[in-house]
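Enquirer: Two independent chains are provided; combine them into the complex using the hints.
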Amino acid sequence: MIFNIFKKELIDTLRDKRSVRMMVIIPLLVFPVMLNLILFSTKKIEENQAEKTMHIGLIKDKSNFLTSKLKQLSNNKEKQLLFYKDSLQLINALNAKKIQVALVLESTFEKKLKTFQPARIHLISNDTELGFSDRMNNDLLQIEEQLKKERFQQLKINETTLQPLDIKATNIASSKEMIGKLAGGFLPYIFITFGFMGCMYPAIDLFTGEKERGTLETLLTAPVARWRLLVGKLLVIVVAGLISASCGFLGLFFEIEVFGFTGEPEIATLIHSILSLKFIFSLYLLLIPLIVFIAGLLVPIAIYAKSFKEAQSMIAPLNFVIIIPVMIGFLPGIEYNFATASIPIINIVLATKELIAGTLTIGLMAWSFFVMLSFAALAVLFSYKRFDKENAIL
Amino acid sequence: MIEVNQLTKVFELTKKQRKELATKDTKAIAVDGISFVCKPGRIFSLLGPNGAGKTTTLRILATIFQPSQGTVSICGINTLEQPHLAKRKIGFLTGSTGLYARLTPNELIKYFADLYGVSASDFEKRKAYLYTLLNMHDFQDKRIGKLSTGMKQKVSICRTMIHDPEVVIFDEPTSGLDVITAKNIIQLIQDCKDQGKTVIFSSHIMSEVDLLCDDLAIIHKGKIVYAGEMNAFRAEMQAQNLTAEFIRIIESSTK
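Residue numbers (this note's numbering), protein chains in the order written: chain A, -6 to 387; chain B, 279 to 533.
In isolation and in its complexed conformation, chain B is listed as follows (with noise of 0.2 Å):
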């Protein structure tokens, strides 16, 4: 379960930044004060044009970022009080999750197992599990390097699941990867649903999100536009399809 009760996020933008985005403000609001919760069993989507604050409220979740103001919870766990245990409950994936490439999968397997504290039968269990599932076995000791995109994206796979989490959370997970990479990776959210797993996932491909998602919140300019269930979001729908739905809401909050 994750909740999310009033999040805000503000940067202090650098001199640096500053010139970079072509701004005189010396704060840059990202997320603003937004509420949502993802329950376990369910798929819950975050959608948003670029720049919407998505990666912001991922990276929140995940305990990269502290919210200026609001509060997270995973797993009932507050993220601020308590971020090291909630992170051993929390899987992350994004697409543009670069890995090492001096290691080969197992070294880096193991690496994480270690950093999230994982025992070691344990760990040699879930790695028999995932190795199978994702046929990891042919090139586990090769270097990262080495290895094809697909290739690459099931290590990614592996090293965000090897501890078995209860909440996953994917940020643009299929951005820049080809169709049938895509799909496993649509396959692994699928299955986190029915392992009874929180999954978050964020995303502007309407397809992916009419696939897979039962719960959904648009986020435009920092702040939630629309929130509810999939259904109900179809039910609803007051253009033809999802995009120009989606299209029309994003539209309709900025006038």
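Next comes chain A alone, as it looks inside the complex (with noise of 0.2 Å):
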């Protein structure tokens, strides 16, 4: 019997285009055409601002020493010297956008450099504009790098001497374990919002959506027991929550596969070697409970509202209750230990980077387990608290 309620109810819900393009088309299309958008657009700006021209404003007569470095490194179809009266004419300029930085140096500027003594170039500009200051920045670390090599030899210094410490930082940390402790939190963070997204609409529609239409009433008449009533329908909202979120994984994977997103192949071949059947198997085991937890949460919050914008708005906030312990999950120094493992959320977050590492064990692993299995099972029996009340379901 709840095979067949279980088997209408995912026909009704794949048949709604609302539900489908939350659950498939949205999770699918997101990381694809938000990460190209974000890597075509930052390429653009950085191709844009390196062909464009830096106008780099000088004092006249004051800047001769610097004029004559940064022509020996400039290509002048990239900068361009301009040079003004005083200080003032050179801020009027960057307001004016003429030029985007403007270098002024200290009046005993080629006093101190022939003293050996560290001599003052202000660089101003205008960091709206940006990359222009760090192209600039750039242009100056070099001209100091030359200096340096000619006071060197002019002081016949070795520079080694002035290297009084060698130090070998050696990071035992395997590349798998890195990207657990640091990017590990990602993962359960896309599989619960594009989970609780995915669980959202089937849940509102199963429930305020029948009773809006009056379905609910016609089911209730029918001889099933309404336990089996509830659990064709949760069902239906957890497999939808899991469509939604491996959507939302796969989307990631094609991501990295056709686009190659990481850029660097070490770090692909990396992801391949985490993406293993065992990984795949781990991650699914630790989400599903979560997943039927979402389920049971919003089950009676649908259950309740009357209509299905009542639904949205009651639904709303609970999203934030459940990404703030994604969040705290993120945070550093949160270990993973039997105290963090017996808290909701944060333990399937900590569990997941554990996991990518390679560092989780079976004990705690279990316990995550166990813990988000008991607040599944008491936000599943709070559902059916809510609608077996006669007065909450008409």
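Derived by calculation from the structure, the hints in this document are not laboratory data. Treat each hint with caution, since some may be false.
[Stated by the list, open to error] Covered, in the sense of this in silico footprint (three residues per stretch, anywhere, with C-beta under 8 Å from a C-beta of chain A), are these stretches of chain B: (1) 335 to 346; (2) 353 to 367; (3) 376 to 386; (4) 392 to 400.
Cβ atoms here follow ideal geometry from the backbone N, Cα and C, with glycine treated the same way.
Expert: Set out below in structure tokens:
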């Protein structure tokens, strides 16, 4: 009987364009579209910046030394030096966007250079014009390097004598561990966000929607126990959540595989090594109770609400309630131990990080699974209590 | 046969409901100790103004609600003790019945047949009979959302009758329907009577009551204020017509 209910509700849900859009299309497309858009626009901005001629403002007759150094570095297409009478004119030119950066040398600049003292260059820019101050800084660093070398030669100093320590740092953590600890929380974030999104519309449609359309009354006249109706519907919501979350993963995987989002082939190889069947199985084992828990939270709200609109407005804050523990799981210093493994959602985020790093212990994983399963069972029980209330269902 | 004995239904009001109803009462008595019997092969009409308790009574008969007090027996089955067995005997149709718009009539009818535990062979026979009777073959595979109101009502009737119920409950079945569709429903009620089924329907349209019913009960503020045979009601009538008599009874009960 539950299968009959599940089958009918699944067909009904899969024919609902709104649910399918939220469950499949958006999760599949969001990463390829969003990440490619970011990549494309970043690349475009960088290209534009590199091609754009940088206009550098200097004070006439007080910048001869720097002018010659800049000219030695510069490609005239990329840089153009413009000279002004004083600092005020430089600032005005900056404000009028005639120049992108201004360089002001202190009055004793050349004297200090000759006497081996640090000579100040004041770099003035309007950083709303992205990239120009960085370009200028790079040029100045090149000039500084040249000057350093000249000073070492003049003072007859070996460069290494000014390097008293030779620090060699070795990180014994594998790349897998590093990815797991630093970016591992991202996977449950995707799963929870898309899982929630995928569950939301079917939950509203199968409960609030049925109330609104008057089909729930008919259904309740059928000789079927209410718990069977609830389980049949709940299973569809869970499946919708899992489909949505899986589509989110697929979209991300597609982005990495087809568009090479990671850039570095080493990282792509590493991701392939992480994505084993065992990993995917363990991940779903952790995440299925989480989706059941989410569905169990959504159903009582959907039962309580009298209209689609009311259900949506009531469910929106729940999204934040669920995302907060995910964010806590992201925080540095939050370790996966018995205490954190006992807190729902946080335990799944931390366990996933350990799973990616390859450091997940079976004991803690089993405990997290048990905790999440218990909370999922409680949420389902609560849903049942609501569904069994006469004044809540009609 | 439907036997209703001292039926009472009290709803606990939530804060939200109290606010909506603008009341401080924590409870609302929807049905207050009513008793009546509906016999097979006869049509029983439950009459009453809006908010009288008709729908609540019918929902209790259909086991959607549980009574706070009293008992309901459907074909000798106590609905509190064996609700699922009782439900198998009941067909329930309301004027506001919604249908699953994204399913086809075939899918919907099969789904409800499964829910009622209709065997495959019985299903095929009943389906063929009802589809022919209601002339549903032309739109059996179209999505219900695309059907006209009349077609949808036919699907509703088919859904109600697919398990061949012994008791049929109609809650304001013609409310909001056009005259042609309403006529089909009236015909269905008449057919059910001719087939020896127990029929109960609620309405506030006196012409329908006059046309169809054998027995009637008038309910007001949760209590039965008149019960008897239709012929006796006509004979004892003090007002000029049925509607005026109905209003007279309601008004005299509130004095």
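Enquirer: Please write out, lowest number first, the hints stated earlier that are contradicted by the structure.
Expert: none
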